[in-house]
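*Asks:* Sequence order for the protein chains is V and D. Going by this note's numbering, 320 is the number at position 320 of the first sequence; the sequence numbering is gapless. Going by this note's numbering, 1119 is the number at position 119 of the second sequence; the sequence numbering is gapless.
No lab work stands behind these hints: they were computed from the structure. Misleading hints may appear alongside valid ones.
[Stated by the list, open to error] In silico DSSO-like cross-links for lysine-lysine, where the CA-CA straight-line distance does not exceed 27 Å:
#, chain 1, residue 1, chain 2, residue 2
1, D, Lys1192, V, Lys26
2, D, Lys1211, V, Lys129
3, D, Lys1192, D, Lys1211
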Amino acid sequence: MKPNVLDVSGLTKHFTLGGGLFGRKKGVVQAVSDVSFSVAGGETLAIVGESGCGKSTTGRALLRLLEPTSGSVKLDGEEVTGLSPGRLQALRRNMQMVFQDPFGSLNPRMTVRETLMEPLLLHNVATGKRAHEATARLLETVGLAAHHADRYPHEFSGGQRQRICIARAIATRPRLIVCDEPVSALDVSVQAQVVNLLQDLQREFGMAYVFISHDLSVVRHIADRVAVMYLGRVVEEAPAAQLFADPRHPYTRALIEAAPRPVPGLRIAAEPPKGEAPSALNPGPGCAFAPRCPLATDLCRTTRPALEPAGAAGRVACHHSETAAGLSVAEAPPQSPQLAARLAVMARARAAQASGTPA
Amino acid sequence: MTTANAAPPAEPIEDADQVTAPARAHWFRRLLRDRAAALALVTLALIILGALFAPLLATHDPASNSRSIMTPPIWSPMGEAGHWLGTDGQGRDIYSRLLYGARLTLLIGFLAVGLGGFIGSLVGLLSAFNERIDPWIMRTMDVLLSFPAILLGLALVAVMGQGVIPVIIALSVSSIPDCARVARGIAIGVMKQEFIEAGRAVGLSNIQLFKRYLVRNAISSIMIFISLRFGQTILIGATLSFLGLGARPPAAELGMMASQGREFLLFAPHIAVIPSVVIFIIVLSANVAGDALRDVLDPRLQA
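With these hints in hand, go ahead and build the complete structure from the sequences.
*Replies:* Below, the structure written as structure tokens:
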């Protein structure tokens, strides 16, 4: 077993509302509460959940782009929380980030060369002429050409900009890259290229990814393990295959059910949960999912379930995880005869086209 | 994403050469395409050149009196050949005094706007960069904002004595809060963008982040505001001179010349009217040029 690159325990980030010169505190938003996980070298941990569940806040708190309220983050065994600003800057060499918006995350007044040389010079990876060579190499590594170096970000498409962002992130050969929805702003065809690029780079350089996403199909493709977040807490964490085949938490199940799948005629097995997630401003004492959960009992509404081992290698926070595991996952339905006939016609046409004979 | 499985690994399909932004005309050429802006720029340039080369262009010593007092301009039947724009109440050549007067007026305007704009922008940028000092700085600016420039000028002259320097200080101080507010507004817009966070994630120090990310992205919008502010500052400067603060006679300053002509307004109106018209032209040209500059440079106004 490889040693862990990242160890997170009890990570918490609360935002205080109000304040200012004469303002009073109006409340506390519990964006992330007591999140713990670890990531091994070369491994991809995906964090999934609906918008507002705290997954981006978790990613930023890991890198101390947001100051965590409490908890500990260890990178290669070194404590990140509580480091002095100078030490933290030096440590950033080993932890980088790829952002969601490729149009907003590059300085529009800096050429690609300036953008890529910045981390190299800052962390003394390369200097002078060698930094220029390294920049050209980086561009080629991410599938761009060296002559793109003297252009400005607005001259590139979204996919190309995201490649530049990835080049900037891998410039210092970090141990960990936090990818915050790196493909959700891109076209589907470009998404595939960028995801595959990330996978290739991981194979080549062996860094660990924390891959934040709401797109389960991307996660299924790239992740080794998946952590599901709901209202600031991890409700289930398991190897990707296990999580998708055998979800233990009712919320994970609902999330998987809600993802669109390209199977015609597929019906969902259970009713989707109704209502909204409760406010992070004042979550109740029980399980945050209880108001929407089909399995909820009085116990769920009064006592928050702890994250406990479940299945082969997972953890789940649910009082009724055994019941939840028993529920069936939607399966492909028997096709109607009409649909089967149409699909057969299409398949024949495609086969004819492929063999070169006119249908 | 089912396509991910089918696509070959990291094959760049898009070609950067096809997505290059369309070539745009240089901003200065686009500026000159606006007729009013071109006229305003030419006028300003002529006045600035006249002021710069005043010693070469002047026909008389701007401070020396002559026997012909209150001569009207040359196009009037009473005009004298030597004095193109006539003479003032003490027989000084108005054309020559205008050149030297524009010199002082423009100098006061440039220095005041430069100094006030620089300090104000820096304060505003810092305020936007650091949330903790922001409320304190902006409340201080509110206090400064409630202090009229004319009152400040009077107070400074009372302490330092009449002269150009207290006027420049008063004008600078009065432009600081305006510039700070505008710079802060622009900088907050920049700070909200993701590349600031990206720069921090790369490991930049605060100073590098401030200089390379914030200032570089905010500076052009701030410069546009400062250029718009120039006309206004000239006007307040002239007002202070008109009230008898500022330049000490016999030095020439446009506002002071208008003020001196006030006594003869009924029988020799040109003495007050000519410098007033020049102030009017300078301020109008500066505003028109500043507006056009904003239209050309501000990306938010471009379709």
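*Asks:* Give a verdict on every hint.
*Replies:* Checked hints:
Of the pairs offered as hints, the one joining Lys1192 of chain D and Lys26 of chain V holds, with about 23 Å between alpha carbons and a cut-off of 27 Å not exceeded. In summary, the hint linking Lys1211 of chain D to Lys129 of chain V is supported, as the alpha carbons are separated by about 24 Å, within the 27 Å threshold. Under the criterion of a C-alpha separation no larger than 27 Å, the hint pairing Lys1192 of chain D with Lys1211 of chain D is consistent with the structure, at around 16 Å.
Against the hints set out earlier in the document, no violation occurs for any number.
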